[in-house]
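**Student:** Residue numbers (the numbering used here), protein chains in the order written: chain A, 425 to 841; chain B, 425 to 841.
Rather than coming from a laboratory, the hints here were simulated on the basis of the structure. Since we're looking at a predicted model, the values are computed, not measured. Among these hints, one or two may not hold up.
Identical chains blur together in the list; that is why a pair holds if it fits in one copy or across any two.
Stated by the list, open to error - Only pairs whose alpha carbons sit at most 27 Å apart, straight line, appear in this in silico DSSO-like list of lysine-lysine:
#	residue 1	residue 2
1	738	696
2	738	806
3	695	478
4	790	564
5	652	822
6	738	652
7	809	646
8	633	652
9	633	540
10	790	652
11	633	478
12	833	809
13	540	671
14	654	671
15	822	646
16	738	646
17	652	663
18	652	748
19	748	646
20	809	822
21	663	809
22	748	695
23	822	806
24	809	478
25	646	790
Number of protein chains: 2
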Amino acid sequence: MIAEIIITGDEICSGVVVDSNSSHIAQRLEAEGIQVVRHNSVCDDIDTIVSMLKETGRRADIAVVTGGLGPTTDDLTAEAAAKAAGVGLVVSDIAQSSIEVFSKTRNRSMTDIDRKQAMLPEGAECLCNPVGTAPGFQLKIGRCNFFFLPGVPFEMRRMFADSVLPRVESLCGNEREFSFIRNISIFGLTEVDINHRLAALTEKFPGIKPGFRAIFPEIHVKLYARGKDKNICNELLIKASEWVLSKIGDNVFSVDGESMEAVVGGLLRRKKASLAVAESCTGGLLSHWITNVAGSSDYFLFSGVTYSNDAKIKVLGVLPETLKRYGAVHEETAKEMAEGARRVSGAAYGLATTGIAGPGGGTDEKPVGTVCIGLATPDAVKGYKFNLTSGNRSMNKKIFAMKALDLLKMELCNSGR
Amino acid sequence: MIAEIIITGDEICSGVVVDSNSSHIAQRLEAEGIQVVRHNSVCDDIDTIVSMLKETGRRADIAVVTGGLGPTTDDLTAEAAAKAAGVGLVVSDIAQSSIEVFSKTRNRSMTDIDRKQAMLPEGAECLCNPVGTAPGFQLKIGRCNFFFLPGVPFEMRRMFADSVLPRVESLCGNEREFSFIRNISIFGLTEVDINHRLAALTEKFPGIKPGFRAIFPEIHVKLYARGKDKNICNELLIKASEWVLSKIGDNVFSVDGESMEAVVGGLLRRKKASLAVAESCTGGLLSHWITNVAGSSDYFLFSGVTYSNDAKIKVLGVLPETLKRYGAVHEETAKEMAEGARRVSGAAYGLATTGIAGPGGGTDEKPVGTVCIGLATPDAVKGYKFNLTSGNRSMNKKIFAMKALDLLKMELCNSGR
Numbered sequence: 425m426i427a428e429i430i431i432t433g434d435e436i437c438s439g440v441v442v443d444s445n446s447s448h449i450a451q452r453l454e455a456e457g458i459q460v461v462r463h464n465s466v467c468d469d470i471d472t473i474v475s476m477l478k479e480t481g482r483r484a485d486i487a488v489v490t491g492g493l494g495p496t497t498d499d500l501t502a503e504a505a506a507k508a509a510g511v512g513l514v515v516s517d518i519a520q521s522s523i524e525v526f527s528k529t530r531n532r533s534m535t536d537i538d539r540k541q542a543m544l545p546e547g548a549e550c551l552c553n554p555v556g557t558a559p560g561f562q563l564k565i566g567r568c569n570f571f572f573l574p575g576v577p578f579e580m581r582r583m584f585a586d587s588v589l590p591r592v593e594s595l596c597g598n599e600r601e602f603s604f605i606r607n608i609s610i611f612g613l614t615e616v617d618i619n620h621r622l623a624a625l626t627e628k629f630p631g632i633k634p635g636f637r638a639i640f641p642e643i644h645v646k647l648y649a650r651g652k653d654k655n656i657c658n659e660l661l662i663k664a665s666e667w668v669l670s671k672i673g674d675n676v677f678s679v680d681g682e683s684m685e686a687v688v689g690g691l692l693r694r695k696k697a698s699l700a701v702a703e704s705c706t707g708g709l710l711s712h713w714i715t716n717v718a719g720s721s722d723y724f725l726f727s728g729v730t731y732s733n734d735a736k737i738k739v740l741g742v743l744p745e746t747l748k749r750y751g752a753v754h755e756e757t758a759k760e761m762a763e764g765a766r767r768v769s770g771a772a773y774g775l776a777t778t779g780i781a782g783p784g785g786g787t788d789e790k791p792v793g794t795v796c797i798g799l800a801t802p803d804a805v806k807g808y809k810f811n812l813t814s815g816n817r818s819m820n821k822k823i824f825a826m827k828a829l830d831l832l833k834m835e836l837c838n839s840g841r
Numbered sequence: 425m426i427a428e429i430i431i432t433g434d435e436i437c438s439g440v441v442v443d444s445n446s447s448h449i450a451q452r453l454e455a456e457g458i459q460v461v462r463h464n465s466v467c468d469d470i471d472t473i474v475s476m477l478k479e480t481g482r483r484a485d486i487a488v489v490t491g492g493l494g495p496t497t498d499d500l501t502a503e504a505a506a507k508a509a510g511v512g513l514v515v516s517d518i519a520q521s522s523i524e525v526f527s528k529t530r531n532r533s534m535t536d537i538d539r540k541q542a543m544l545p546e547g548a549e550c551l552c553n554p555v556g557t558a559p560g561f562q563l564k565i566g567r568c569n570f571f572f573l574p575g576v577p578f579e580m581r582r583m584f585a586d587s588v589l590p591r592v593e594s595l596c597g598n599e600r601e602f603s604f605i606r607n608i609s610i611f612g613l614t615e616v617d618i619n620h621r622l623a624a625l626t627e628k629f630p631g632i633k634p635g636f637r638a639i640f641p642e643i644h645v646k647l648y649a650r651g652k653d654k655n656i657c658n659e660l661l662i663k664a665s666e667w668v669l670s671k672i673g674d675n676v677f678s679v680d681g682e683s684m685e686a687v688v689g690g691l692l693r694r695k696k697a698s699l700a701v702a703e704s705c706t707g708g709l710l711s712h713w714i715t716n717v718a719g720s721s722d723y724f725l726f727s728g729v730t731y732s733n734d735a736k737i738k739v740l741g742v743l744p745e746t747l748k749r750y751g752a753v754h755e756e757t758a759k760e761m762a763e764g765a766r767r768v769s770g771a772a773y774g775l776a777t778t779g780i781a782g783p784g785g786g787t788d789e790k791p792v793g794t795v796c797i798g799l800a801t802p803d804a805v806k807g808y809k810f811n812l813t814s815g816n817r818s819m820n821k822k823i824f825a826m827k828a829l830d831l832l833k834m835e836l837c838n839s840g841r
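So here's chain A without its partners, still in its complex pose (with noise of 0.2 Å):
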């Protein structure tokens, strides 16, 4: 089975925005065990998507096709859709309720703009869009299997999940092979590193494809197993896996996707302990992390964003005479900003930041990148100083979250409560 994905949208093919459905959709097709070998791109020209289906029509026996199914007068895949297929628009019942039930969630009526999009080629069968007014569907041009999917990464994820997934499984039938993926998320070596420490991988492994990926800060190592029989494939990515972890040691911190907040938060639901938040150069980035877990009311109760001294002294009981004679970005500020977020909210951890993450603001004894981090436990409360220089200041809030959350962690993980 060979696939091909076509993205179709002037703001891809002009650079202005960097397609990530490609991939996403790629490793999803892999997983099946269907190989992708072609992505296509192309502006939002009709004459120039009709020759690409047709092109791809000839060539694959499934294919994915993102973008141009809005309302707008630049959505112009249902109509090149079918003049590929050489049939007409015409409306669908199907798509037409779908648009009228999402309209209805968002309380509003269908307009004659959500009817263009209820117009499908001839012979296609509506794909419904439970997230969103733009259904896809499925469509025969040439010898190929189309799917045609919204453009919004977050709509057509759920529907290549919802409606794709089934339906391409059941055109593999007994052809499939099997690709599992086991996704080893590591934090705090560089990729050198890790290249240098997983070295004999292939040699021991020789049934596993590694793929290194970096998602700053974090490294993201996975394992492609690929064959007919499940079990096999899966004990295979155990074996190897446990490898890894003997090689890479605490700087993973989770296999299988999960993020380092979400590892946090259930190592916290676990102790039956709660958590504080002192924040300056983080910014409120930390807890944004940590809140994004659904269900974290359970154990996260304050973060005290203080962006001025002022804040600190007041809000969280800093003493002046610590910025006085240490300055804000300091291990004892942090220490007094971990254990006053602490004291404040009653919090069983408290967790501060406080560094420079630039541009400005740095000096030759602090420069940008220099991050204090205090952690107050029931027992102690504990300083530390660290350069970590990353690029830019995005990248720096991002570190400097990342780097606070490891060391409560590990400490989660060492302390015997």
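Please arrange chain B on chain A, whose structure you already have, making use of the hints.
**Tutor:** This is chain B only, laid out in the frame that chain A set:
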């Protein structure tokens, strides 16, 4: 002049790596007035690459190909290019000396593996690589001028600027058309609303091509103008964007890409006013956005991320009676939170969010998506309540935070101070 981009590599096709080269190349070509009509990614298979090169050779004037020029067995691009052009591979003296020069800068001598990279298709012009071993080359296949570059982004970018752009410019000669973009960012209207209001755009401004893009919770309207005369294009863009502004009004928060938090920051700076924030349901996202703006410490003083009621009372001074009478999600609570943040920090403005981001915690009276926003100004304290359900926890956090910033923006724009 029509261009295509071709990216080779299994790691791109299988989705393990997200391709960022296409977007870079496309932007640079579009800036030169060359329309990029297609991007194509192909796996490391010689026949697939050959047929792709032949197809593009029939369609495009210019093509940039990246990847597959290295020394390993899966580097097939030079061989594929030779096949597609119907020529053989020959040793290029220029390529060989370029590799020698680079090897010397790394204090190593040329190996047999390096020599493979000096084999170029007959008739190709070598493009030297000053920052890596693999040289690139230019070759005509069909009617199209192909530029072959390494896939490593850092090498590709350097060689594109040094070797490809000057050659492309001379190929364009007088045919050169420039392309200009204006990005109008909108919050608070649906894509359908916007499309309806701008229905007459293409009729009124035939030289303008519009593009719509939803980057939740914003919608960006992009206006493209293309032509041989820079001034005419620019004037047309200015007129068209004024017309768009007149149709969309206050829902436009920026022209040319500034983020909402940067716009709000600019308004605060101009007023010499400071800001404090109190967050419940947005969990730190509001402060994270605000502090993403470099220099935000000039006006941003404090955020209290008060997830627990206890923290709302202790840190922000919300009255226990208010929480008892109205609950945490209520305009009155939001008002006291905003005023509390303002009072605690001494800021001119206080902005507060309290709501239900989900997935849990919703009731019939206050379903998931309910958000109350408090805005304390030097003159008054205002409370608002909205239902902004939008799909999931992470999206709800975003739309809540955006709505709060939007209310503050309106207040700052309309108040005389």
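**Student:** Of all the hints numbered above, which does this structure not satisfy? Sort the numbers upward.
**Tutor:** 3, 4, 5, 6, 7, 10, 16, 18, 19, 21, 22, 24 and 25
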